[in-house]
Amino acid sequence: MTEMNRERLDLNTDVITVNMGPQHPSTHGVLRVVLKLDGEVVLSAVPDVGYLHRGIEKIAENKTLHQVIPYTDRMDYLSPMSNNIGLAMAVEKLIGFQITERCRVMRVICMELARLSSHLLWLATDALDVGAGTVYFYAFTEREKIYDLFERMSGARFTVSYGRIGGLARDWPEGLEREIETYVAQAHKTIDECDKLLTRNKIWIDRNQDVGVISAEKAIDMGLSGPPLRACGVEWDLRKAYPYLGYERYDFEIPVGEHGDCYDRYLVRMEEMRQSIRIVQQALKEMDRSIPLFPEDPESRKVFLPPKDRVLTKMEELIHQFIVATEGPKTPKGKEIYFAIEAPKGELGFYLVGSGTNVAHRCHFRAPSYINLQALPILLKGAMVADCVATIASLDPVMGECDR
Amino acid sequence: MNAYWPIVVPALVKIVVILGIVLTGVAYTTLAERKVSAWMQDRRGPNRVGPFGLLQPVADGMKFFFKEDITPREAYRPLYLLAPFLTLFPALITFAVIPFGTQISVGGQTYPLIIAPGMDVGVIFLLAVSSIGVYGILLAGWSSGNKYSLMGGLRSASQVISYELGIALAVMSVVLWTGSFDFRRIVEDQAGWGHFWFVGPQFLAFIVFTVAVFAETNRLPFDLPEGESELVAGYHTEYSGLRFAMFFMGEYANMITASAFVVLLFLGGWNLPFVNYAWFGPLWGGLLSAVVFFAKVAVLLFVFIWVRWTLPRFRYDQLMSLGWKRLFPLALLNLVLISTLLVLRGHP
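Just so you know, the sequences run in chain order A and B. With the working numbering applied, the first sequence covers 1 to 404. With the working numbering applied, the second sequence covers 405 to 752.
Possibly wrong hints are sitting among the right ones.
[Said to hold, decoys possible] Calculated pairs, EDC-like style, for lysine to aspartate or glutamate (alpha carbon to alpha carbon, straight line, at most 20 Å): (1) B:Lys551 with A:Asp14; (2) A:Lys189 with B:Asp446; (3) A:Lys381 with B:Asp721; (4) A:Lys36 with B:Asp721; (5) A:Lys285 with A:Glu248.
Quick caveat, the hints were computed from the structure, so don't treat them as lab data.
Turn these sequences into a full structure, and let the hints steer you where they fit.
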């Protein structure tokens, strides 16, 4: 309706400002989006973050590097495995440490399981936000099985704190490989079931296609990474681009979309789950219990905690335990590194500057959720109110990581 | 004075019985919703209160009763307090014109199984009264003084325009077919040899009507006024305690009305193929017909629940285009087809 018509009809229309969040069921935690609405149409959307800010980076600059590990659990709390191990790998890069072959394989399996569990939770919440409540429970039930495996590894289900500088917190219990194998052999069933319920569902397509669109150039400009970037057709995955943990040895594909809308982000993540299963299956074949989890040379053993049973019986191990627990590895003075992994949400980067002591001089985490949320104003311009929740869900932000 | 008793007493008895059945039905539909959704989602559902959780609705009701009734400071009090009644009462009043069986003969007297037997424009009455419920939603949304509620109310108002046309046109084609606004006539036309349940000859109308009825009852995939994920809880975001319970009961009572409406218009009412209730005698035949009717309603209620836990939600503009671009033309086309057919057949 033109302005003139409006005046003639004497219709008083106002733009209303709606505060979506931080207490809103569908903003995935404490994200606040200030929406300016003309009826149901979004004129502008401004994300406001920081409600879950706990100063993790600053805390990390005041703790020994081992002590930082539990804090990383609370960043992307839906895939703590990738955060823990990512931090451990960044520190290893800083101090120049070589992990063993078995540790590498175990880390790959942990990180891919973390990706699977994170994507399952995304699937659950995305479907719930678009109104399909049942998919939520199917995906959650499946995720619980992965948490069972995490529990067997680390003793915790949610905040696992499993990564350690130089290795992992503890060795896998006997027979866990077989359990993981049985799990991944049937993991595709739930994915296929949700696929059947949603992918070709007319309502689902209507709600997701051409919603929250971003072009590839714009996405790169905004620094998007992970599935939101790949959905635009950019084949960028750190596991292929800058392989770490020997990802180059595994046979897997990077799914890419072409339209950069919610539907493509959905398809990309669904395919990523299947690829993760493939990687886990390949990695399990490489698992060799005869290789030790930690390197045996005396210099390396000053980095990580010695096995508990030896601590209580041997003098040197007790001393090691004491030194590692109280001091931890020393960081080279002035050396700065940036190390990034392909976390489930996107590029999770660690920037560390050594200080010459056991505490990092500067510590910064590149949180993919934070940077992906930048694109929200572009994605939501001209959308309907209902598209907001679908778009936010398809970006899959975790506010713990975003606000840190 | 004495002349009124034979009319008033049976009517009162029927009101009490029907209200009892409907309110119990409402309570147990909420339980069924939770149980069925639990089965669909590999959960157990409520099973703590009473055997198999059968007393859960009682516990829920008690909880609502003891919850604080909150009125937000920004709310416009008179309408805010009135709105829940406007939703629940029309939903209950509609049962006055819904026949739920043939008739019962006791002691030489014949009682038709309907609260208001004289009403020969039941269809119009039901359409009119059930639309009042929307005012409750609209006013609740407006008077809550909450932006999410307001949007829920607005959605409801625009939704009602887009689907009620479909409903009315679908009903009209049935009315044309039978030539009566009386539910009993409509049901009787679906009984006996050579007659079919109208779901056959009126298939298009059946489809339009059923889809529109999902929108009328604010059920997924059309639960936009509530729009849980985007509008928090839509029009009843601010309500609590018994007033919220009234909206809740209104929704389920509307589902029962809607199911009864579909059963009466398209699924043969209380008729079963090859069954004549006269075989069972005047009392048992009547009771059996009522049981069959409520069984059909229950099946439709299950469909409501089934759909809710299977499909995602439509977006506001998509519902509009569905209502105006699909349902409305389809219903119109059906009306034209039916009229042409009737003229060709030489219907009076």
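How the hints compare with the structure:
Taking the CA atoms of Lys551 (chain B) and Asp14 (chain A), the gap is about 13 Å. The hint holds against a cut of 20 Å. Pair hint Lys189 (chain A) plus Asp446 (chain B) holds up; C-alpha atoms about 15 Å apart against a cutoff of 20 Å. For the given pair, Lys381 (chain A) sits about 16 Å from Asp721 (chain B) by alpha-carbon distance, which is consistent with the 20 Å threshold. As the CA atoms of Lys36 (chain A) and Asp721 (chain B) are separated by approximately 18 Å, the hinted pair is consistent with the 20 Å bound.
Distance check on the hinted pair: Lys285 (chain A) and Glu248 (chain A) sit about 16 Å apart at the alpha-carbon level, within 20 Å; holds.
Of the numbered hints listed earlier, not one is contradicted by the structure.
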